[in-house]
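Letter by letter, the chains look like this.
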Amino acid sequence: MGLSTVTMIYAGMFYLATFLLVVGLGYKIFDYSRTPAPLKIPTTPAPTTRQGVTYRMAKEVVLFESLFKANKWIWVFGWMFHFGLLLVLLRHLRYFTEPVWFWVGIVQPFGKYASIMMVIGMAGLLARRFLVDRVRYISTPSDYLMLVLLIAIGLSGMLMTFVVHTDIVALKAFFLGLMYLDVQPLPQDLTLLVHLALVALLMVIFPISKLLHAPGLFFSPTRNQVDNPREHRHVAAWAARLDQKN
Amino acid sequence: MAAAEFDIPELKDDIEIPKLREGVMAHAKTFPAGQPVQDFMGYPHELGEDWKERAIDKMGDLLGKYRSLKVFMDACVHCGACTDKCHYYLGTSDPKNMPVARQDLMRQVYRRYFTTAGKLFPKLVGAKDLTKDILNDWYSYYYQCSECRRCSVYCPYGIDTAEITMAGREILNHVGMGQKYSNEILSKVHKIGNNLGLPGPALEDTLEGLEEDIEADTGVAVKLPLDVKGAEVLLVTPSADFFSEPHVESLIGYAKVFHAAGISWTLSTHASEAGNFGLFNGNYESMRKVAMRIRDAALELGVKRIVVGECGHAWRVAYSFWNTLTGIGYGGNDPFSIELQKQLDPTYPQPQHICELTNDLIKSGKIKVDPSLNDDLVVTYHDSCNVARASRMGTEPGGQFIIPRELIKSVVNNFHDMADETIGESTFCCGGGGGLLTDDLMEVRVKGAMPRATALNNVVKEHQVNFMAMICAICKAQFTKVLPKYGFNMSMVGGVHQLVSKAIKLD
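Protein chains in written order, with my numbering: chain A, 1 to 246; chain B, 1 to 507.
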């Protein structure tokens, strides 16, 4: 069976996008981890134990604790967007697993409606970029475009979920085919093609954009360091060499 | 030279978030360091032809040495959470004083020279070539940041503008644009031993004079020993404590505490300065060199304990960095740190804050106090930024808020905190920290003090507060100068040990 040009293009596109995402993000994480943090700079009050830091980080990652302290509007919109996105992503696992993991089935109905929450959150964040003079001042074209891209991904996805369904069985066969290096035909509705192209674009720009805030948070010394400088001597390799001169 | 005229902000009931007024503080330029100072510090004193390469090279060097800088350059999403958190923005309404905009002054250059997106699509991601205009913006706005870390509390990724300001200033140093105030102080501390350039004999005279004053005042011969070998405690305190008002009142307080508790102690000529302006410039080696004086003095004098006086950024450096820089602390397993750590008494924290020491002595009944001697005062407490957000006291997180307040409440009967969102981890900087305590930045200092002045004004109106206690030499110097512009009396400003000094019983 011959595969259409569109199928071949999309297959190639997803292989390339996945490669760039994995390599790009892998390099960034490697680069962050090899760069030393020579001084203890946790924003205090800070936990005095490793477990405490894990708890602090968990609150930042799950609840956006610092953002909550800062600004309730950004927090509400930001949290709706990210939590919505999480549910939506989890729901999408069913297109990549056979048989579908049981808990993905449980998430499925929530994930469908979480897309609404996600898009509302992003619309709120976009509105702030236009309406709040301070946020407008700091916004670059890419800040607006990033939100527009994500909203377009969300809306095109919702269109397929709620309005013009695509051939989801064939789509799943396409992605499982990509995973097992046995490319299958891709359904060729316009909405799906747009949705997938935008997702591939997002994957490509992830490691070279502000989306690096995701890995960045885990490497942020003000959040991930233990507050114990009097009890433990913390010295970076490049700084330890100074001690030997004395 | 007289500073330019400017309007003093009006104090409102609440700290209001101003509308942006672009460029209103672009004229604020701290005086540049001259050739002798820059030479001494090992920096050029003017822009050479290769300034751009030097700047980008230095940025690359710092990006490779400091994970904070690297992660903070990448992680910002321009969410806006920090935009209304900086006291300089609140006081000046200049958008480049919003933390994110201050960071972006560097981030735009970082993106252009160090990121794929910025090399390929500069306009899209706000990346810009480094120009002299940008360098001038850095010089203006990296000296309108007191490195107080208030923004880092609120950033969802913990981005600390202080780290970026420090890096920015260090790059400026490397292209020949140093700040007169900070670099002169650094050269004084290296040449003489303290920030004020007070030589050993002058210090000895001053201390003798103070001993006479205390004896005349109390009838008790309280000593202020200098360079005493074999003393138990080395006290390291900001040099302002030796002769500035109200700082000296706290020094008298420390002396009375040691006297009453019967602890042998000494000051050191070589280490007659707790302050460490190396912190402000983001130069590890310069900060280390300043800190090494304390280690040297401790080894020389053979002391068992190292105690730090009332100084905010000094306590940050002491608490957070001394162990790293000099081995003053515990847990070292290398010959360099073991040499000192085996000499120190493990039953005490090293270094220890004077408030930790005094509070423990009062709680354990080793010294006696009579709070009614401070009944003429209604006291509030200003959390200094570096103590609040970059250090700790005691064993529990937040001890840096609890211990000074416990101590104050044990020596005064009338205490009222300022509004919650202006104290603790949310405290507002005095407006003069981080190398800005110089007359050439008076406008920045006055306007930056507006949030604190507003919070103070509210407790003055509501509770008749007439004394704001603090534990920072820079805060004391800044407030005594700046609060009168808002209509407060400068005698409202003083140290926590000034209160201890009045209440302590000597016999």
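FYI, nobody ran anything at the bench for these hints, they're computed from the structure.
Treat the hints with care, as some may be off.
Said to hold, decoys possible - Covered by chain A, per the in silico footprint, the following chain B stretches (three or more residues, Cβ under 8 Å):
#1 85-98
#2 123-133
#3 142-153
C-beta: ideal position from N, C-alpha, C; glycine also.
Determine which of the earlier numbered hints do not hold for this structure and return their numbers in increasing order. none
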